[in-house]
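Trainee: Required output: the full structure, derived from the provided sequences and hints.
Letter by letter, the chains look like this.
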Amino acid sequence: MSAPAHHAPAADDHGHDESKFQIYVQIAMLLAVITGVEIVGIYLPFAKWIIVTCLVVLSVVKFMYVIFYFMHLRWDKPFCTIMFFIGLVLASGTTWALLQLFMADASLPLPV
Amino acid sequence: MSSHAGTIDHHHDPSTSTGIPNKKLLMWTFLASDCMFFGALISTHLIYRLHPMPDAPSPKNIFSIELTSFSTFILLMSSLMMALAVTAIQKGNLKSMRWSILTTIFFGSIFLGCQVYEFQEFIEVKKMTITNSMLGTTFFTLTGTHGTHVAIGVLWLILMYVRSFQPPEAGRNTAWFIRHGVHIAVIIGAILLAIFSTLALVHTLHTGENLGAFFGGHFAMLAGLLACIAAGIFLARPNGPVNFGEANAIDVESMGLYWHFVDIVWIVIFTAVYLLEYL
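Protein chains in written order, with my numbering: chain A, 1 to 112; chain B, 1001 to 1279.
It should be emphasised that the hints constitute simulated quantities derived from the structure, not laboratory data. Where a beta carbon is used, it is the ideal one built from N, C-alpha and C, also for glycine. Be aware that a few hints might be false.
[Said to hold, decoys possible] Now the stretches of chain B that chain A is said to cover, found in silico as 3 or more residues with beta-carbon under 8 Å: (1) 1018-1025; (2) 1045-1054; (3) 1073-1080; (4) 1148-1162; (5) 1233-1246.
[Unchecked claim] Taking lysine-lysine and the BS3-like style, the derived pairs with C-alpha atoms no more than 25 Å apart in a straight line are: (6) B:Lys1095 - A:Lys20; (7) B:Lys1060 - A:Lys48; (8) A:Lys20 - B:Lys1091.
Mentor: If you want it as structure tokens, here you go:
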């Protein structure tokens, strides 16, 4: 995930910055296209589980592109990635656990 | 900040035990905790959507996918401009950083304007408030908290933009504080007036009223907006050397991390709260 932080000469820095600019623009365009695909996807006549799976996968792809490129995790020390993923895993785990708990039959509201 | 032979390594700080600049580490730790905060809000919304109350309103009849898609696109573009602002200041390009931050503020303000319009529509037209249904309670709490994060981000961007004009030895310069206090007030004023003018214009177009009546009825607001923009341009003109450069890249980067986080939270909300309702 993270590349070692070497100090490069000025000419290389310039080339690196140019490529970073291009990477950012390309990723932004890709994210816009994925968003468009998501919006079109909800109107397609496929099974619900296929569309839900596709939407979740596309959201995860967008999420990962933003955190690893725009938020520089790809170039930062792995500790930043670990730190963030601790929070992310705890949040995802809590969401999953709550959804499982409330989907159990015993948690359904009693008829009035 | 670390410094080697006049250049700064923005991904490594040998002065800390982790090799990570303290401000960056602080921001990542905060964002990890904020993940759990939004995780709880999103879970609550999803739980009540999976077990809707009797007579619950249908979100499909309330939400506007066109408006939300537009907001999502705007927030993604703001993330691009924020990333470019960080790259610009890491190269010491102050002018480019200022333009990128201004564009990010512009996009962030559009997002906030869209959210104000959406909330207004839901409350006044669709009759969904934060108290009259569980959907309203969880929806407004979740998206309102996210909107508050965006508003804090816009305010932070404004402060950083104005900070980039700070002259050397500003600590003893009272005139600088007054000038930049006015600068901040002018930008916030311009954003608020632009949002409310646009909302009033949209309302006029919706109701089919005459545009002349709009300009007549909102003359003071539009004049105030123009005055704020003119004052903002006047205060942003070059005024000698500034105490802001490549060494401040970590401040801009920390702010950028916060802004991108707001974007990734919206990526999840857009799918979990809006898109899934249309299946």
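Trainee: Per the coverage rule (Cβ-Cβ under 8 Å, at least three residues), is the region 1045-1054 of chain B covered by chain A?
Mentor: holds (count 4)
Trainee: Next pair to validate is lysine 20 of chain A with lysine 1091 of chain B; report whether the Cα-Cα distance is within 25 Å.
Mentor: 12 Å, holds
Trainee: Are there three or more residues in the region 1233-1246 of chain B whose C-beta lies closer than 8 Å to some C-beta of chain A?
Mentor: violated (count 0)
Trainee: Would you check chain A against the region 1018-1025 of chain B, counting CB to CB pairs closer than 8 Å, and say if three or more residues qualify?
Mentor: n = 5 at 8 Å, threshold three: holds.
Trainee: Is it true that the CA of lysine 1095 of chain B sits at most 25 Å from the CA of lysine 20 of chain A?
Mentor: Holds - the C-alpha atoms of lysine 20 of chain A and lysine 1095 of chain B are around 18 Å apart, at most 25 Å.
Trainee: Three residues minimum, CB to CB under 8 Å: does the region 1148-1162 of chain B make the cut for coverage by chain A? Let me know.
Mentor: Violated, because only 0 residues of the region 1148-1162 of chain B bring their Cβ atoms closer than 8 Å to Cβ atoms of chain A.
Trainee: Taking a Cβ-Cβ distance under 8 Å as contact, does the region 1073-1080 of chain B have three or more residues in contact with chain A?
Mentor: holds (count 5)
Trainee: So if I understand the rule, the pair passes when the alpha-carbon distance is 25 Å or less; does lysine 1060 of chain B with lysine 48 of chain A pass?
Mentor: 16 Å, holds
The structure fails hints 4 and 5 (numbered hints given earlier, in ascending order).
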